[in-house]
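Undergrad: Order-wise, the sequence lines are chains Z and Y.
Residue 114 in the numbering used here sits at position 114 of the first sequence; the count goes up by one each step and never skips.
Residue 198 in the numbering used here sits at position 83 of the second sequence; the count goes up by one each step and never skips.
Wrong hints could be hidden among the right ones.
Which residues of chain Y face chain Z? A partial, calculated answer using Cβ under 8 Å [as the list claims (entries may be wrong)]: (1) Ala144; (2) Tyr147; (3) Arg158; (4) Leu161; (5) Arg166; (6) Phe204; (7) Met209; (8) Gly216; (9) Asn217; (10) Leu218; (11) Ile219; (12) Phe220; (13) Gly221.
Keep in mind the hints are simulated off the structure, nothing from the lab.
In this text, a Cβ means the ideal position worked out from N, Cα and C, and glycines have one as well.
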Amino acid sequence: KAGVTQTPRYLIKTRGQQVTLSCSPISGHRSVSWYQQTPGQGLQFLFEYFSETQRNKGNFPGRFSGRQFSNSRSEMNVSTLELGDSALYLCASSSLPAGEGYEQYFGPGTRLTVT
Amino acid sequence: GENVEQHPSTLSVQEGDSAVIKCTYSDSASNYFPWYKQELGKRPQLIIDIRSNVGEKKDQRIAVTLNKTAKHFSLHITETQPEDSAVYFCAAPMNYGGSQGNLIFGKGTKLSVKP
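One chain only, chain Z, in its complex shape:
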């Protein structure tokens, strides 16, 4: 099976712009979670989608949004970028919701730099 893929891998944007990141889960997986990873802060949960519905959302401002399509591919969007949004954005997929004890498989991440 192909692993989780994310595009693009690297992105440089300017403050105030918006960005869309994409995540393709492992075939058959219906849950996609998004995390922001920054040095010293670990993996901070953004949101989880399951069967096209947002299941949970982390403590991030409304500038961060996402969606999931019928083929389970997911996108996240960040509007009005700020310098503090520079981070590695990871998505992870699992066959069923991750908190229920199903292994999450992570993608390679998208490195976003905001200048």
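Guided by the hints, dock chain Y onto chain Z, whose structure is given.
TA: Chain Y only, in chain Z's frame:
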């Protein structure tokens, strides 16, 4: 909501020694506790997990112990090798009205194994 504390943030050991990383969680309803390993520049990968109905689980040189009463769980690595050098993350699920939600991750422990 769930809060996961992880200690220490950095750990340096000599090759062959043991390493122990500890995590505490706040939600007594949590019942699934995974550990992820992230090597430099790579994606996090699940190395071991434990469910609340067991107190210990082993897989070769790694083991995880769980104390539900005290609400803490630990990762034990014996006979450490240089390839064990990585950042390790523990996690626990957020509880939403009786169902297990997204995973909340600790901030990570950077383990360095010196040859």
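Undergrad: Provide an ascending list of the numbers of those earlier hints which the structure does not satisfy.
TA: Hint 1 alone not satisfied by this model.
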